[in-house]
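Model the full assembly from the supplied sequences, consistent with the hints where possible.
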Amino acid sequence: MDARKITASAVLTALALALSYIERFIPLNLAVPLPGVRLGLANVVTLAALYLLGSGYAAVILLLRCLLAALFGGGAAGLLFSLCGGFLALLVMAAVKRTAFFSVFGVSVLGAAAHQAGQILAGILLMRSGYLVGYLPFLLLVSAVTGLLTGLMAAGVLRAVPAILKREVEQS
Amino acid sequence: MAPASEKKTKRVYAFRPADLLAVLLVLALAGVIAAVFFTRTVGQEGLYAEIYRDGVLVRTMPLSSDAEAVVQGLYRNTVTVRGGRIAVTSSDCPGEDCVHTGWISGAGGSIVCLPNRVEVRIRGGSGPDAEVR
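These protein sequences, in sequence, are chains Y and G. Counting with numbering that gives the first Met the number 0, you get residues 0 to 171 for the letters of the first sequence. Counting with numbering that gives the first Met the number 0, you get residues 0 to 132 for the letters of the second sequence.
Treat the hints as calculated values from the structure; they're not laboratory data. One or more of the hints may lead you astray.
Here's a subset of chain G near chain Y, in silico, CB distances under 10 Å, partners left out [stated by the list, open to error]:
{"no.": "1", "residue": "R10"}
{"no.": "2", "residue": "A33"}
{"no.": "3", "residue": "P61"}
{"no.": "4", "residue": "D65"}
{"no.": "5", "residue": "G94"}
{"no.": "6", "residue": "L113"}
{"no.": "7", "residue": "P114"}
{"no.": "8", "residue": "V117"}
Interface residues of chain G toward chain Y, partial, derived using beta-carbon atoms under 8 Å [claimed, not checked]:
{"no.": "9", "residue": "L26"}
{"no.": "10", "residue": "I32"}
{"no.": "11", "residue": "C92"}
{"no.": "12", "residue": "D96"}
{"no.": "13", "residue": "G105"}
{"no.": "14", "residue": "S109"}
{"no.": "15", "residue": "R120"}
By construction, the Cβ of each residue, glycine as well, lies at the ideal position given by its N, Cα and C atoms.
Structure (structure tokens):
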């Protein structure tokens, strides 16, 4: 444990919570009228945490963000969706990052796709309906676009983050 | 920071051709799932809509006769059948994705209201009966 990392985690958690709230005011679902369509701004934080602090810290930040977002008005059903989506996305992103084949962009796109798949999984669990799989192709198309956008944002953040945090990249 | 690792770090944050593969992979996956899921759905005769709340069938509505139904869960969805099509015409749920989905008419189609945990499914005709449960 490192005080710098813990502090960075706290800041990133607060940032992720704020982003997941702000995201509600971006009416992406008017352009694509499907449940679960969102920009995935909070995923920028998960990505940044993964690259700066490692997968363990990213998982803790993700868990805290999901729990806090539920407390701040997401509700229990929302929690199941964000946990399923978030952790499947993190799992895929951590695995894909390890191969070093893709840049942040590729990792972000595959993470966004996994997030959608995870949410559909939560929907199937909650509503006991395999029909929800029919939404997945559309959500995957959307995730290819939103994944590139969040990847662009994460790349910008990672380039701009002070070197004091960046040093952790080589260590982990 | 050593120049070599600086270079490596920059590359990790820049778009590279391999990333296009990630996009293509996602698009291909979408295509395959769509092909498998939607080829099983055609047929217009004898269609009816099933309304599920919390995964439990609460109502069946034939698409051949115009009707309206109210589904009360955590929120209130008004489901309308008109001219062989069905839609959630009003809802007090946040987001109203179910209303924005609009009218659907094909077997296998569905409208979902996640906040209300309600799903409207069209069945019958030669639609898919082998759904996952």
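Query raised in the report: Holds or violated: is there a CB of chain Y closer than 10 Å to the CB of A33 of chain G?
Result: At 4 Å from the nearest chain Y Cβ, A33 of chain G passes the 10 Å test, so the hint holds.
Report task. For the hint on G94 of chain G, just tell me whether its beta-carbon gets within less than 10 Å of chain Y. Result -> The hint holds - G94 of chain G has a Cβ within 10 Å of chain Y, the shortest such distance being about 6 Å.
Query raised in the report: Would the hint on S109 of chain G stand, with a C-beta cut-off of 8 Å toward chain Y?
Result: At about 5 Å, which falls below the 8 Å cut-off, the nearest Cβ of chain Y leaves the hint on S109 of chain G intact, so it holds.
Query raised in the report: Would the stated hint for P114 of chain G survive a check requiring a Cβ distance to chain Y of less than 10 Å?
Result: Nearest chain Y Cβ about 7 Å off; hint holds.
Query raised in the report: Holds or violated: L26 of chain G as interface residue toward chain Y, Cβ cutoff 8 Å?
Result: Holds, because the Cβ-Cβ distance from L26 of chain G to chain Y comes to roughly 6 Å (cut-off 8 Å).
Report task. Would you settle whether the hint for V117 of chain G is holds or violated, based on the nearest Cβ-Cβ distance to chain Y being less than 10 Å? Result -> Holds, because the Cβ-Cβ distance from V117 of chain G to chain Y comes to roughly 9 Å (cut-off 10 Å).
Query - Restraint outcome when R10 of chain G is required to lie within 10 Å of chain Y by C-beta distance - result: 7 Å, holds
**Report entry** Residue hint I32 of chain G, partner chain Y, criterion CB-CB below 8 Å
**Finding:** Holds. Min distance 5 Å.
Query raised in the report: Quick one, is the D65 of chain G hint okay against chain Y at 10 Å, beta carbons?
Result: This interface hint is violated because 23 Å lies over the 10 Å limit.
Query - Interface hint outcome for L113 of chain G [beta carbon to chain Y under 10 Å] - result: 5 Å, holds
Requested in this report: Grab the minimum C-beta distance from D96 of chain G to chain Y and call the hint holds if it beats 8 Å, violated otherwise.
Outcome: 4 Å, holds
Report task. Could you check if C92 of chain G really has its C-beta closer than 8 Å to a C-beta on chain Y? Result -> Since the shortest Cβ distance to chain Y is 10 Å, the answer is violated.
Violated hints for the displayed structure, listed by number in ascending order: 3, 4, 11 and 13.
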